[in-house]
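Asker: Here are the chains, one letter per residue:
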Amino acid sequence: MKLLLDSTRCQGYGLCQEHAPELVELDEWGYAQVIDLAVPAGAEDTARACADSCPNSALRVER
Amino acid sequence: MTAIRRPAALRPGPVLGAAPDVTESADAYRAAGGYAGATGPDDLLAHLAASGLRGRGGAGFPAAVKLRAVRDAGPAAVVVANGEEGEPGSVKDRWLLRARPHLVLDGLAQAAAITGAARGYVYLSDPVAADRVRRALAEHPPALPVEVVAAPHTYVAGEETAVVRRIDGGPALPAAKPPRPFERGVGGAPTLVANVETLARIALTAARPGQRTRIARSTLVTLAAAGPGAAPPALLEVPYGVTLSDLAAEIGVPGPGGALMGGLFGGLVGAPALGLALDPDALAAAGTALGCGAVRFLPAGACPVAVAADAVAHLAAESARQCGVCVSGTAAVGGALAALTAGTARPGVLDDLERWSGGLRGRGACGLLDAAAGLAGSLLRAFPGPVRSHLAAPCPACAGRSAAQCAERLTVAVPEVTEPAGLPADDGRPRPPPYAAPHPRPGPSCTPRHPSPRTAPAEPSDPLSSALLHPHHQRGTP
Numbered sequence: 001m002k003l004l005l006d007s008t009r010c011q012g013y014g015l016c017q018e019h020a021p022e023l024v025e026l027d028e029w030g031y032a033q034v035i036d037l038a039v040p041a042g043a044e045d046t047a048r049a050c051a052d053s054c055p056n057s058a059l060r061v062e063r
Numbered sequence: 001m002t003a004i005r006r007p008a009a010l011r012p013g014p015v016l017g018a019a020p021d022v023t024e025s026a027d028a029y030r031a032a033g034g035y036a037g038a039t040g041p042d043d044l045l046a047h048l049a050a051s052g053l054r055g056r057g058g059a060g061f062p063a064a065v066k067l068r069a070v071r072d073a074g075p076a077a078v079v080v081a082n083g084e085e086g087e088p089g090s091v092k093d094r095w096l097l098r099a100r101p102h103l104v105l106d107g108l109a110q111a112a113a114i115t116g117a118a119r120g121y122v123y124l125s126d127p128v129a130a131d132r133v134r135r136a137l138a139e140h141p142p143a144l145p146v147e148v149v150a151a152p153h154t155y156v157a158g159e160e161t162a163v164v165r166r167i168d169g170g171p172a173l174p175a176a177k178p179p180r181p182f183e184r185g186v187g188g189a190p191t192l193v194a195n196v197e198t199l200a201r202i203a204l205t206a207a208r209p210g211q212r213t214r215i216a217r218s219t220l221v222t223l224a225a226a227g228p229g230a231a232p233p234a235l236l237e238v239p240y241g242v243t244l245s246d247l248a249a250e251i252g253v254p255g256p257g258g259a260l261m262g263g264l265f266g267g268l269v270g271a272p273a274l275g276l277a278l279d280p281d282a283l284a285a286a287g288t289a290l291g292c293g294a295v296r297f298l299p300a301g302a303c304p305v306a307v308a309a310d311a312v313a314h315l316a317a318e319s320a321r322q323c324g325v326c327v328s329g330t331a332a333v334g335g336a337l338a339a340l341t342a343g344t345a346r347p348g349v350l351d352d353l354e355r356w357s358g359g360l361r362g363r364g365a366c367g368l369l370d371a372a373a374g375l376a377g378s379l380l381r382a383f384p385g386p387v388r389s390h391l392a393a394p395c396p397a398c399a400g401r402s403a404a405q406c407a408e409r410l411t412v413a414v415p416e417v418t419e420p421a422g423l424p425a426d427d428g429r430p431r432p433p434p435y436a437a438p439h440p441r442p443g444p445s446c447t448p449r450h451p452s453p454r455t456a457p458a459e460p461s462d463p464l465s466s467a468l469l470h471p472h473h474q475r476g477t478p
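So the protein sequences, as listed, match chains A and B. Count the first sequence with the working numbering and you get residues 1 to 63, in order. Count the second sequence with the working numbering and you get residues 1 to 478, in order.
Do not rely on the hints blindly, as some may be mistaken.
[Claimed, not checked] Here are the in silico distance ranges between beta carbons for each label pair:
#, chain 1, residue 1, chain 2, residue 2, range
1, B, P75, A, A38, 27 to 35 Å
2, B, A18, A, R63, 52 to 60 Å
3, A, R63, B, P75, 25 to 33 Å
4, B, A49, A, L37, 29 to 37 Å
5, A, E28, B, P396, 31 to 39 Å
6, B, A19, A, E25, 52 to 60 Å
7, B, G33, A, I35, 54 to 62 Å
Keep in mind that the hints were calculated from the coordinates and are not lab data. Where is the CB? At the ideal position from N, CA and C, for every residue including glycine.
Use the sequences and the hints to build the structure in full.
Answerer: What follows is the structure, encoded as structure tokens:
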């Protein structure tokens with residue numbers, strides 16, 4: 001599974017990082033950075049919740 | 001005034017041609033072997049693969065690989081001649097459309113034959129080039145429908161996804177990738193977005209069997225020098241392998257202290273790098289890039305910090321303001337470099353620049369933020385001494401610097417290309433109006449020119465990938 005970020009949609013809400021600090025970090029301005037495009041085994045549900053948490057649909061998962 | 005130069009020591013280049021300051025007529029182009037169609041599409045693709053022709057928009061991607069990808073992506077492909085040259089230091093694409101529109105249109109037809117495309121576009125912002133292309137289309141109507149699409153002249157308008165959005169009726173702004181245009185482009189069809197010089201070299205590859213390697217291994221370059229009173233800029237066609245020092249001497253800059261490479265995309269190099277060969281692989285191995293072939297030399301006394309500050313200020317002003325990290329990141333890098341030129345930088349500014357030079361890469365939807373990060377990193381690597389000395393006080397070159405004129409300092413004028421003698425100046429036919437920018441556009445400046453993302457129309461959710469977001473240049477361009 002991949003966790004994909006559209007940087008044109010990220011508004012820096014930061015909810016993704018609250019849901020999945022092991023998958024997403026925030027830069028010094030609060031914009032999201034996916035730590036590793038490939039979601040580690042066992043973290044699939046966290047990745048889905050992380051993507052769902054974005055109010056602006058900037059994140060999505062892809063098989 | 002930008003000169004077109006043909007150095008006596010070099011063989012005349014096949015793209016620059018015999019009369020680079022006059023628009024070539026269809027008759028002259030046919031008389032020189034153009035529009036002959038002697039090489040079939042499969043053979044031509046094989047020849048392009050064998051010669052190793054690289055794209056000339058900036059990314060240097062192998063032309064044959066891209067053509068094959070579009071051909072194999074599905075039926076009813078679209079081909080686009082991308083002549084929108086957003087790099088302020090480059091003029092070669094606008095010169096090419098003004099002077100040799102038939103060479104580009106012949107290449108577009110060859111690319112259409114290879115990819116199976118049913119229609120084509122010429123995408124540009126230069127009104128003079130648009131006029132010459134429309135006249136060329138009337139002189140020699142192409143086999144497939146070809147439409148001229150006008151774009152605004154901005155840094156990002158020539159990025160391949162911006163090209164697709166504009167042709168589809170949207171703003172000329174980059175989109176998140178994937179999908180890339182070869183997968184889903186204009187109207188959803190597989191789309192080849194090819195730089196106009198690439199297409200010119202494809203047409204020449206078809207027409208001149210004995211010169212294929214030379215066609216693939218020579219390139220148009222726009223050379224200029226930084227600083228007031230510097231040598232005038234020049235457009236040349238040179239073989240790969242000529243050294244950067246030779247090119248500096250060609251425009252009268254003896255012993256430069258470095259250069260700004262690849263438009264704004266290759267970053268800065270110091271004096272030791274000027275022995276490098278102008279060759280995409282050699283430059284990439286040295287950590288810089290040929291990009292669109294624009295090189296701005298730093299004469300003795302020119303300040304690399306000021307050049308980097310100008311370049312990043314221009315990028316910050318040209319940000320499409322779609323990606324928050326690009327708005328914040330270009331402003332941060334630009335602010336740090338401006339503080340260095342003013343002698344007001346904080347002690348931690350070098351650590352900030354170092355962190356941004358790595359951490360901002362690959363994070364925007366297009367390559368603009370990567371260019372800003374690359375400028376910061378290359379300045380620190382190539383000129384550590386001058387950077388440190390600016391922490392104490394600005395240098396003499398920086399002292400009188402006006403930050404408001406960064407775009408003027410980076411911009412090279414397109415060479416004049418006159419009409420052929422045999423054609424009337426204007427045939428009186430009505431022409432579509434030039435592109436009208438949706439927002440008031442001041443002259444070149446260092447203030448943002450794109451609307452805030454919150455007032456821009458929202459895009460439907462595209463498939464996205466931060467890891468696959470990637471410099472265009474195809475921009476860079478591709």
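Asker: Each hint should be assessed against the structure and marked as holding or not.
Answerer: Each hint, compared with the structure:
no.	hint	verdict
1	B:P75 to A:A38: 27 to 35 Å	holds (34 Å)
2	B:A18 to A:R63: 52 to 60 Å	holds (57 Å)
3	A:R63 to B:P75: 25 to 33 Å	holds (27 Å)
4	B:A49 to A:L37: 29 to 37 Å	holds (31 Å)
5	A:E28 to B:P396: 31 to 39 Å	holds (34 Å)
6	B:A19 to A:E25: 52 to 60 Å	holds (58 Å)
7	B:G33 to A:I35: 54 to 62 Å	holds (56 Å)
Hint check: no violations occur; every hint is consistent with the structure.
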